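K.L.:
Construct all of the structure, not just a fragment, from the sequences and the given hints.
If you're matching them up, the sequences are chains A and B in order. Start counting the first sequence at 0; every next residue gets the next number (numbering that gives the first Met the number 0). Start counting the second sequence at 0; every next residue gets the next number (numbering that gives the first Met the number 0).
Just to be clear, a hint being listed does not mean it is correct.
Said to hold, decoys possible - Cut-off 27 Å, straight-line C-alpha distance, at most; resulting in silico cross-link-like pairs (DSS-like, lysine-lysine):
1. 678/A with 196/A
2. 312/B with 49/B
3. 90/B with 84/A
4. 561/A with 105/B
5. 363/B with 312/B
6. 647/A with 196/A
7. 27/B with 84/A
8. 100/B with 342/B
9. 215/A with 90/B
10. 90/B with 100/B
11. 57/A with 215/A
12. 171/A with 196/A
These are calculated hints, taken from the structure and not from any lab test. No experiment lies behind these values; they were computed from the predicted model shown.
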Amino acid sequence: MTEINLFIRTIGCAVSFLLCVSGFAQEKRESLHLDSIHNLDEVVIVANRYKEVIPSQKLSGVELERLSSFSVADAIRYFSGVQIKDYGGIGGLKTVDIRSMGTNHMGVFYDGIQLGNAQNGQIDLGKFSLDNIEEISLYNGQKSEIFQPAKDFGSAGTIYLRTRRPSFGEGKRSNLITYLRTGSFGLANPSVLWEQKLSDNISSTLNAEYVYATGKYTFRYRKMFPDGTVAWDTTATRMNGDIQSLRLEGGVNGVMEDGRWNLKAYYYDSEKGIPGAIVNNVWTHSQWQWDRNFFAQGSFLKQLGHRYDLLVNAKYANDRMRYLNPDTTLLYIDNTFLQQEVYLSAANKYRILPTWDVSLSGDYQWNTLSASLPGFVYPGRNTLLAAMATAFEWKRIKAQVSLLGTFVFEEVTRMQEAAPANRQEYTPAVFLSYRPSEKTPLNVRAFYKRIFRMPTFNDLYYTDIGNISLRPEYTNQYNIGFQYGRPVANGFFQYVQLKADAYYNEVEDKIIAVPKGSGQYRWMMMNIGYVEIRGTDVSAEASMRLPYAMQLRANLNYTYQKAQDFSDPSDNDPASGSYGGQIAYIPRHSGSAVANLAWESWNLNYSFIYVGERYHNSSNIRANYERPWYTHDLTLAKALRLKRANLKLSVEVNNLLGQQYDVVLNYPMPGRNYKLIVKIMI
Amino acid sequence: MKERSDNKRVYKYICVIALLALLAACRKEDDLFIPEEVPLAPPAGAPVIKGFYLLNEGNMGSNKSTLDYYDYQTGVYSRNIFAAANPTVPKEMGDVGNDLKIYGGKLYAVINCSNKIDVMDKRTAEKVGQIDIPNCRYIRFHEGYAYVTSYAGPVEINPAYEQTGYVAKVDTGTYEVVARCLVGFQPDELEIAGGRIYVANSGGYMAPNYENTVSVIDLETFTETGRIEVAVNLHHLRADRHGNLWVSSRGDYYGVPSRLYWIDLATSQPGGSIEVAVSNFHLDGDSLYLYSVEWSYVTMSNEVTYGIVDVEKKALVTRNFITDGTGKEIKIPYGLTVDPLTKDIYVTDARNYVLPGTLYCFDKNGRQKWNVRTGDIPAHFAFREETSIEKQTE
Numbered sequence: 000m001t002e003i004n005l006f007i008r009t010i011g012c013a014v015s016f017l018l019c020v021s022g023f024a025q026e027k028r029e030s031l032h033l034d035s036i037h038n039l040d041e042v043v044i045v046a047n048r049y050k051e052v053i054p055s056q057k058l059s060g061v062e063l064e065r066l067s068s069f070s071v072a073d074a075i076r077y078f079s080g081v082q083i084k085d086y087g088g089i090g091g092l093k094t095v096d097i098r099s100m101g102t103n104h105m106g107v108f109y110d111g112i113q114l115g116n117a118q119n120g121q122i123d124l125g126k127f128s129l130d131n132i133e134e135i136s137l138y139n140g141q142k143s144e145i146f147q148p149a150k151d152f153g154s155a156g157t158i159y160l161r162t163r164r165p166s167f168g169e170g171k172r173s174n175l176i177t178y179l180r181t182g183s184f185g186l187a188n189p190s191v192l193w194e195q196k197l198s199d200n201i202s203s204t205l206n207a208e209y210v211y212a213t214g215k216y217t218f219r220y221r222k223m224f225p226d227g228t229v230a231w232d233t234t235a236t237r238m239n240g241d242i243q244s245l246r247l248e249g250g251v252n253g254v255m256e257d258g259r260w261n262l263k264a265y266y267y268d269s270e271k272g273i274p275g276a277i278v279n280n281v282w283t284h285s286q287w288q289w290d291r292n293f294f295a296q297g298s299f300l301k302q303l304g305h306r307y308d309l310l311v312n313a314k315y316a317n318d319r320m321r322y323l324n325p326d327t328t329l330l331y332i333d334n335t336f337l338q339q340e341v342y343l344s345a346a347n348k349y350r351i352l353p354t355w356d357v358s359l360s361g362d363y364q365w366n367t368l369s370a371s372l373p374g375f376v377y378p379g380r381n382t383l384l385a386a387m388a389t390a391f392e393w394k395r396i397k398a399q400v401s402l403l404g405t406f407v408f409e410e411v412t413r414m415q416e417a418a419p420a421n422r423q424e425y426t427p428a429v430f431l432s433y434r435p436s437e438k439t440p441l442n443v444r445a446f447y448k449r450i451f452r453m454p455t456f457n458d459l460y461y462t463d464i465g466n467i468s469l470r471p472e473y474t475n476q477y478n479i480g481f482q483y484g485r486p487v488a489n490g491f492f493q494y495v496q497l498k499a500d501a502y503y504n505e506v507e508d509k510i511i512a513v514p515k516g517s518g519q520y521r522w523m524m525m526n527i528g529y530v531e532i533r534g535t536d537v538s539a540e541a542s543m544r545l546p547y548a549m550q551l552r553a554n555l556n557y558t559y560q561k562a563q564d565f566s567d568p569s570d571n572d573p574a575s576g577s578y579g580g581q582i583a584y585i586p587r588h589s590g591s592a593v594a595n596l597a598w599e600s601w602n603l604n605y606s607f608i609y610v611g612e613r614y615h616n617s618s619n620i621r622a623n624y625e626r627p628w629y630t631h632d633l634t635l636a637k638a639l640r641l642k643r644a645n646l647k648l649s650v651e652v653n654n655l656l657g658q659q660y661d662v663v664l665n666y667p668m669p670g671r672n673y674k675l676i677v678k679i680m681i
Numbered sequence: 000m001k002e003r004s005d006n007k008r009v010y011k012y013i014c015v016i017a018l019l020a021l022l023a024a025c026r027k028e029d030d031l032f033i034p035e036e037v038p039l040a041p042p043a044g045a046p047v048i049k050g051f052y053l054l055n056e057g058n059m060g061s062n063k064s065t066l067d068y069y070d071y072q073t074g075v076y077s078r079n080i081f082a083a084a085n086p087t088v089p090k091e092m093g094d095v096g097n098d099l100k101i102y103g104g105k106l107y108a109v110i111n112c113s114n115k116i117d118v119m120d121k122r123t124a125e126k127v128g129q130i131d132i133p134n135c136r137y138i139r140f141h142e143g144y145a146y147v148t149s150y151a152g153p154v155e156i157n158p159a160y161e162q163t164g165y166v167a168k169v170d171t172g173t174y175e176v177v178a179r180c181l182v183g184f185q186p187d188e189l190e191i192a193g194g195r196i197y198v199a200n201s202g203g204y205m206a207p208n209y210e211n212t213v214s215v216i217d218l219e220t221f222t223e224t225g226r227i228e229v230a231v232n233l234h235h236l237r238a239d240r241h242g243n244l245w246v247s248s249r250g251d252y253y254g255v256p257s258r259l260y261w262i263d264l265a266t267s268q269p270g271g272s273i274e275v276a277v278s279n280f281h282l283d284g285d286s287l288y289l290y291s292v293e294w295s296y297v298t299m300s301n302e303v304t305y306g307i308v309d310v311e312k313k314a315l316v317t318r319n320f321i322t323d324g325t326g327k328e329i330k331i332p333y334g335l336t337v338d339p340l341t342k343d344i345y346v347t348d349a350r351n352y353v354l355p356g357t358l359y360c361f362d363k364n365g366r367q368k369w370n371v372r373t374g375d376i377p378a379h380f381a382f383r384e385e386t387s388i389e390k391q392t393e
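P.N.:
Take a look at the structure:
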């Protein structure tokens with residue numbers, strides 16, 4: 000069976016499942032014999048957002064809440080073009096890779112300011128709860144909005160996480176939202192969000208969340224003979240996946256004439272086991288990790304006069320990570336890493352004409368890393384960024400052009416063979432969109448972007464592995480696509496939208512670990528990789544009216560990616576060579592489907608994720624093959640109104656069919672699991 | 000009303016069909032790996048050596064340690080034979096194979112990160128037993144006992160504790176560890192000669208404070224009787240027929256280079272060294288075949304060298320045993336052996352450690368005969384010889 004067939008069949012399964020779900024719902028409706036008229040959810044159309052040339056993929060508000068997602072990483076799986084690397088379980092590392100360019104090319108912004116990790120460049124999205132997140136948006140290239148800090152121009156793809164902005168109902172001065180979650184994996188997860196109106200223009204918000212889980216789940220591996228009989232079949236319990244974490248977040252938000260400001264502080268403390276790879280004769284591990292992250296940030300935005308806008312951002316972050324390997328049969332490791340970051344930014348926008356804006360942003364960032372490693376060089380990095388951009392509209396054309404200058408100055412306490420080189424890089428981006436006709440809601444868009452990622456502190460300075468002479472890793476992106484979306488006045492469909500993009504990306508000077516000398520435990524980071532990615536993202540969205548005042552919303556995403564490794568031309572054996580092979584863990588086909596059925600105070604959400612066959616490395620042979628996986632998740636929610644409080648009860652069944660799969664080789668994922676959520680809003 | 004109930008029934012049928020379709024799971028089963036066979040040479044009649052096994056280490060955490068077999072009789076190379084030979088073993092061979100030896104009728108594969116030694120029938124590779132030793136490294140045999148080095152010595156309650164290694168004595172009849180003898184830190188290869196076990200202590204976990212000794216264990220009492228100071232970070236060692244023990248030092252990767260040393264076994268004193276870097280070697284008669292892969296911070300690449308040392312003359316006799324220039328294809332030589340009869344030279348290329356490796360066969364004059372794709376990080380060889388016992392049973 001070819002894989003495309005498999006995909007179609009699987010999608011077929013999902014669609015028939017949807018039919019089935021709506022069928023059940025309809026029966027239930029009949030038996031209830033209720034006939035009340037109720038308001039349908041408002042459909043928000045975001046086709047014409049302010050100056051945005053290419054809109055983002057977005058999940059927000061109730062839509063976000065309906066997906067059975069534990070963390071931000073779970074929600075991002077529903078975007079097209081995105082692959083999540085998930086090591087499994089509640090505490091497992093979850094990182095995101097956009098259009099196969101690699102995790103380090105992804106910028107993640109929390110309330111407008113980038114989350115940094117100068118040590119290894121990886122942002123663990125499993126750490127971020129959806130409790131107080133109001134909106135997640137994903138941009139290929141960059142947010143095509145010129146009025147933004149220079150840093151926002153600096154990644155190949157960008158995710159924005161926006162926390163809830165307090166809003167108060169008529170006569171209300173405070174909101175109190177409590178979540179209680181429990182379920183599989185020994186989960187106990189309470190959280191409280193308290194929003195208080197301090198004056199007409201100022202409000203405060205406080206959020207506290209605690210997570211405890213044993214992280215235990217059963218997993219099963221088995222192999223079959225080609226004739227279909229079982230060769231071996233083993234079931235075990237995932238161990239050492241315990242997690243305990245506390246998150247505290249507080250902020251003050253203010254509005255003023257033509258502007259707003261906010262200040263916030265974030266604290267996260269966790270200790271967790273690292274469950275490790277399941278290999279023959281090793282079913283549990285004892286490694287442990289502690290994270291403590293703190294940051295404080297502020298933002299000030301104001302329009303001064305008619306033509307000028309100013310945005311000022313500032314941040315201080317202090318992150319501590321301790322890794323312990325107490326396994327006495329292995330190398331004993333107890334390392335602590337401390338990172339600090341200071342970030343200052345000013346963005347200015349000037350309106351020359353109503354249809355022509357220019358902007359200039361300047362950012363400064365300082366990063367340091369210290370580690371309890373012998374011979375560590377205590378690197379420090381000063382980064383200056385300057386971005387110039389312009390946006391204009393002419394007839395039905397919208398365009399943006401930006402140029403980012405990045406100036407990096409590195410310092411280390413102890414010089415090795417050579418002093419680290421300072422860097423100066425200039426990178427452009429162009430975004431265009433065109434609406435062929437005023438009448439048809441069709442937009443054609445295209446972009447080009449060249450950007451790089453700096454080698455991380457680990458790449459450069461990690462004892463033994465680090466390579467001080469590394470150059471930045473570049474990406475070039477070319478994208479062309481369209482978007483068609485419109486509301487339908489009367490009929491079965493209320494709203495339909497279709498989006499499609501085709502793209503070609505290159506990753507140049509890709510930083511790869513190469514073996515250093517003989518023996519498995521010595522590596523060196525080198526700029527030797529070259530990858531070409533040809534892909535397509537397609538997504539469709541529709542909102543439908545069903546009988547009995549039910550409403551169905553459906554969303555389908557499909558991604559095709561041919562991500563080929565062209566690093567080593569000599570390795571060109573047609574059967575097993577890595578030259579031209581699909582790179583590690585990138586499926587050719589992947590997709591998702593979400594269907595949501597709303598009826599009165601009930602809500603049923605079904606979501607489906609498909610990740611096609613993958614290989615563990617660019618030699619696409621049978622021994623490196625990883626099977627496709629797909630999961631079906633269901634959530635049933637019911638809203639209740641008590642005297643003073645609104646209550647929402649949700650039951651989730653995730654991985655309904657209990658499929659056993661690995662996202663990363665030898666890291667088994669959970670089978671069927673459950674969650675119960677009580678949300679109390681006062 | 001009738002129409003409505005019909006609709007209901009239709010829906011129910013759809014549901015049932017849809018659910019069945021779902022449960023039929025549109026996914027291939029995870030099939031057992033069937034060995035891939037590659038013919039490389041014409042059948043060889045009835046040789047004394049029937050073929051050899053090659054153990055692929057597999058990258059750490061990948062669980063991709065695999066066993067390949069080259070059959071001299073048929074000229075066929077079989078890739079990844081363990082799973083098919085042992086279809087009931089969960090998770091196959093395991094993680095990071097580190098040594099492979101044949102003793103008696105059994106094949107022993109030391110699987111480092113799976114903390115065990117698989118004992119297999121040497122003709123079928125069927126698993127007949129398992130020896131559990133945490134962080135096990137290398138294996139040798141003597142009079143019915145296997146001796147295995149392990150990094151995982153006893154734990155001292157001390158925040159800066161150091162993990163002493165040991166040699167485990169294993170009864171090859173019961174596969175039980177019967178005694179342990181503590182040696183230095185992170186012991187690697189061992190050799191048995193003249194009633195003694197010699198153990199190369201590396202101190203690999205102690206970098207930059209590497210070990211620099213060979214431990215000497217008396218076989219009779221199974222106690223460490225002394226240590227011979229050689230050089231830092233010792234790895235391989237092998238006794239020759241002239242009463243010398245050849246030892247390789249990895250160096251400290253910075254100022255101290257990798258070197259080949261010999262110890263005079265009669266006096267237990269260091270004899271001297273050959274001015275050549277050595278990552279791995281194979282001793283065949285008086286010819287010590289070696290290669291070295293050293294990282295050069297000048298060229299920022301691995302520098303590969305080959306050579307043969309005459310252990311009688313204690314001199315490097317050639318700088319290259321691959322004579323037809325095809326050695327340049329080899330990115331990172333890793334496993335090395337010589338057929339004791341035909342003198343064919345086998346060198347494996349571990350390439351970048353992630354992609355599958357390659358096995359190269361050169362004739363005794365160093366001309367390439369063939370090459371074949373292997374598993375990941377092909378490393379350790381064991382020749383299957385026809386013994387008198389086997390003759391009886393066959």
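K.L.:
Against each hint, give a clear statement of whether it holds in the structure.
P.N.:
Going down the list of hints, with the structure as the test:
This hinted pair checks out: residue 678/A and residue 196/A have alpha carbons roughly 21 Å apart, not beyond 27 Å. Taken as a hint, the residue 312/B and residue 49/B pair is broken in the structure, with Cα atoms around 33 Å apart against an allowance of 27 Å. Of the supplied pair hints, the one linking residue 90/B and residue 84/A holds, its CA atoms being roughly 22 Å apart against a limit of 27 Å. For the given pair, residue 561/A sits about 46 Å from residue 105/B by alpha-carbon distance, which is inconsistent with the 27 Å threshold.
Restraint check: the Cα-Cα separation between residue 363/B and residue 312/B comes to about 20 Å, which is no more than 27 Å; the hinted pair holds. Of the pairs offered as hints, the one joining residue 647/A and residue 196/A holds, with about 24 Å between alpha carbons and a cut-off of 27 Å not exceeded. For the suggested pair residue 27/B and residue 84/A, the alpha carbons sit about 22 Å apart, so the restraint of at most 27 Å is met. Only pairs whose Cα atoms come within 27 Å are accepted, and residue 100/B paired with residue 342/B is accepted, the gap being roughly 19 Å.
Among the hinted pairs, residue 215/A with residue 90/B is consistent with the structure: their alpha-carbon atoms are about 20 Å apart, no more than 27 Å. Pair hint residue 90/B plus residue 100/B holds up; C-alpha atoms about 22 Å apart against a cutoff of 27 Å. The hinted pair formed by residue 57/A and residue 215/A fails the criterion: a straight-line CA distance of about 32 Å is larger than 27 Å. Distance restraint check for residue 171/A and residue 196/A: the Cα-Cα separation of roughly 8 Å lies within the 27 Å cut-off, and the hinted pair is therefore satisfied.
The earlier numbered hints that this structure contradicts are 2, 4 and 11.
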